[in-house]
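Asker: Let the hints inform the model, and build the full structure from the sequences given.
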Amino acid sequence: MDDASGPTPLNPGAVAAPADITSPTAAATYELDGHVAIITYNRPESLNAINGEMRACLNAAWLEFYNDPDAWVAIMTGAGRAFCAGADMRDRTGGSAGIWSGTFFETPTVNSYESGLELWKPTIAAVNGACIGYGLTGALVADFLIASDRAIFGMPEVKIGVPTIVGSMRMPSKIGWANAMELLLTGDNVDAERAREMGLAWKVVPHDSLMGEARTLAERLCQGAPLAVRAVKEVAWRSARMGWTDAVRMGESLRRLVAASDDASEGGRAFAEKRPPEWTGA
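Residue numbers (our numbering): 1 to 282.
Each hint should be verified, as a subset may be incorrect.
To be verified - With a straight-line Cα cutoff of 27 Å, these simulated DSS-like cross-link-like pairs (lysine-lysine) come out: (1) Lys159 - Lys174; (2) Lys121 - Lys203; (3) Lys174 - Lys203.
Because the hints were derived from the structure by calculation, they are not lab data.
Answerer: What follows is the structure, given as structure tokens:
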């Protein structure tokens with residue numbers, strides 16, 4: 001299994017239960033606008049805390065994004081005044097972590113976006129409020145975290161007597177050891193400006209500008225050929241965990257594969273004709 005601080009191969013256990021993620025009343029929703037998918041935590045009455053129903057919807061939404069050739073960039077955000085308040089402590093079924101097949105040690109834990117769904121399409125977390133526990137674990141996976149000036153961040157698990165595992169694996173490489181330990185070992189929350197100082201938030205913007213900033217970034221990320229963008233992200237992540245020669249060999253193999261795509265031909269034609277390229281993702 002790959003390091004859980006980044007993507008890992010798609011696990012059969014990640015297949016979500018059927019969920020109507022296009023319904024506005026679903027616990028998490030999926031909407032495609034052009035080439036930008038918007039995945040929304042949608043239990044505002046519970047500060048978007050994750051229960052079994054939401055977990056099934058989230059897994060279904062991320063798998064829809066994973067599989068949809070027209071979806072090039074995803075924005076994840078929360079309905080109402082919170083991004084995600086973490087696991088719903090009232091859900092005694094354990095469903096917030098997901099439900100999958102297997103027994104004891106054979107049971108897969110790589111069953112969600114947070115815990116390692118392999119995904120090379122760019123992702124943006126638009127954090128509109130409280131981003132706690134599971135919510136912060138999910139936001140950490142995003143390539144870009146844009147925070148509202150009302151956002152707060154925290155990993156409170158130690159204060160209720162349990163450790164955070166995937167969050168502990170992701171956070172040190174993202175924000176450095178001491179900053180990670182401050183959040184993980186104290187369980188205290190930090191505000192948006194402190195999150196930016198730590199390197200946890202890429203940008204902090206006025207609350208009412210949050211989704212506009214996220215959409216602007218998403219459209220910028222759609223300027224490049226989708227296959228080339230994904231190859232760059234994959235090489236950036238995998239090469240950090242490989243020796244130099246192996247990384248170059250892998251990168252050159254991906255470059256040659258992508259260079260044979262229709263979009264690579266279109267990019268060359270568009271450059272020669274001095275016009276914007278028309279990408280198809282093929």
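Asker: Would you mind marking each hint as holding or not holding in the structure?
Answerer: Do the hints match the structure? See the list:
Between lysine 159 and lysine 174 the alpha-carbon distance is near 23 Å, which keeps this suggested pair within the 27 Å criterion. Restraint check for lysine 121 and lysine 203: satisfied, since their Cα atoms lie roughly 20 Å apart, inside the 27 Å limit. Of the supplied pair hints, the one linking lysine 174 and lysine 203 holds, its CA atoms being roughly 15 Å apart against a limit of 27 Å.
Hint violations for this structure: none, all hints satisfied.
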